[in-house]
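As given, the protein sequences belong to chains Z and D, one line each in that order.
With the numbering used here applied, the first sequence covers 15 to 343.
With the numbering used here applied, the second sequence covers 1211 to 1420.
None of these hints come from the bench; they were simulated from the model.
Some hints could be false.
No farther apart than 30 Å at their CA atoms in a straight line, the calculated lysine-lysine pairs in the DSS-like style are these [to be verified]:
#1 Z:39 - D:1287
#2 Z:140 - D:1332
#3 Z:140 - Z:39
#4 D:1332 - D:1287
#5 Z:52 - D:1287
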Amino acid sequence: MRAFTYERPADAGTALQAIARPGAKYIAGGTNLLDLMKVEVETPSHLVDVSRLPLAQIDETENGGLQIGATVTNTDLAANRLVRERYPMLARALLNGASGQLRNQATTAGNLLQRTRCYYFYDTSKPCNKRIPGSGCSALNGYNRIHAVLGASDACIATHPSDMAVAMTAFDAEVETQTANRGSRRIKLADLHRLPGTTPQTETVLESGELITAVRLPPPPAGGQAYRKVRDRASYDFALVSVAALVDVDGDRIRTARIALGGVAHRPWRALEAEQALVGRPANTNAFAAAGAAAMGGARGYGHNDFKIALASRTVARALADAARQQKG
Amino acid sequence: MTRRGVLGTGMALTVLQGPGAMAKEPPRSAPTEVAVSPAPVDVGMTVNGTRHDLRFDARTTLLDALRDHLGLTGTKKGCDHGQCGACTVLVNGVRRNACLNLAVACDGQEIVTIEGLGNEQKLHPMQAAFVAHDGFQCGYCTPGQICSAVGMLAEIKRGLPSAATGDLTVASMQIAEAEIRERMSGNICRCAAYPNIVAAILEAAGKAPG
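Generate coordinates for the entire structure from the input sequences, incorporating the hints supplied.
What follows is the structure in structure tokens.
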């Protein structure tokens, strides 16, 4: 690990000043950042510890949604009574991620900003455009079983590893941020992460030093919710494919549906066209299978991960059926 | 990037691969880094009920602080990447992987390790249950398993749900085999003593193993 200096500011204003120092980086739970520092993929020279900022509250918003503080742990978010009652799909996504120990430590904002688990990104002896821009992508023609099938580029086929972010994307969440000079702003979570394009080293639209202070969830939509995760190991493993589904059925017709996928792209992937195509269709297996196929319409495999296309298509269909069944109760 | 950073990177590669390999090798890390000298930090923490005021390099993890600075070698270093759970300790009563915590970030916190749970004369009920059920073979993961199990039962008591919980809206959680297996998945046992570990935890929780 490279040497660094450390400070733990008491308030967000001080943190926003501290982050201006060259080479500075925020740390909260640190479950991913400290790990990356050990292998020297991350080499901050100054750490600004934001873990004790007063951002660990979960509050109801005026319109019936939720405001989730940036440092709320994954454990506390999944255990929150309002989350369990109104956003059970988010609780399921959280509880299906990582281990008990890690969820006790990992924070909401840190979960969003965690880095890919692409093994070539971690292996500093291998080229990686995300780590060293212009050095090449080792996964493209390497072992790419866990990699992206949607929205990837020749520069990078890494995936975003979060479960929580997939669920929040389906709920149309927004992130609230602060910068030292421009004050606060809100960004749709669906717009927070970038596709790799030719600059995979730039993973979000956040400005340098911009601090996520909260995630806002709109009121939960009517209907059923389901999160379905497929992985090599039954617990404590990243998704090969995961699907967050929200379905509102009126009689036997689908009024609205939302589909977000994890494990398939550089960011949580919203399948908007597939959602639209479901509106007005009967809530049955055929419609759900068609939605699965539509969601993966533009998918491209890179060899070892070809299986993900059919797997994701079927997982979408199953998750939609789960959500419709959940609404019936 | 500073000159020290460039030289340090180049020298490391030279030692590892020899000068011939250098031209093809990408630099190890992004070219935006700023090198700083290692700086000591002062940390005060309570470990197993005893207050310690320590000074060490800011890079020291809680795991290394416990083992190398306080001599508490019961907490084990398995993977050092948060994947195996051998370093599990309780921080303010909550189980965490000591390897993924900077010790400096634990300033002012209360840590409990396996040494703080019990001793040879007076075993913690979870330790006694692991002995009674042979919840181990080589024993390397055992301190982490036991600390994790103690923290896990406290989580059940607090009503925290898990992926194995059927109905998320109920307030009280069940102590059952499926729940324990799911909740303990962050502790790997290379000897695969899992059936006996589950039996030990069930007994310590006051449940007859099923």
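Status of each hint after checking the structure:
no. : hint            : in the structure
1   : Z:39 - D:1287   : 27 Å, holds
2   : Z:140 - D:1332  : 51 Å, violated
3   : Z:140 - Z:39    : 24 Å, holds
4   : D:1332 - D:1287 : 25 Å, holds
5   : Z:52 - D:1287   : 14 Å, holds
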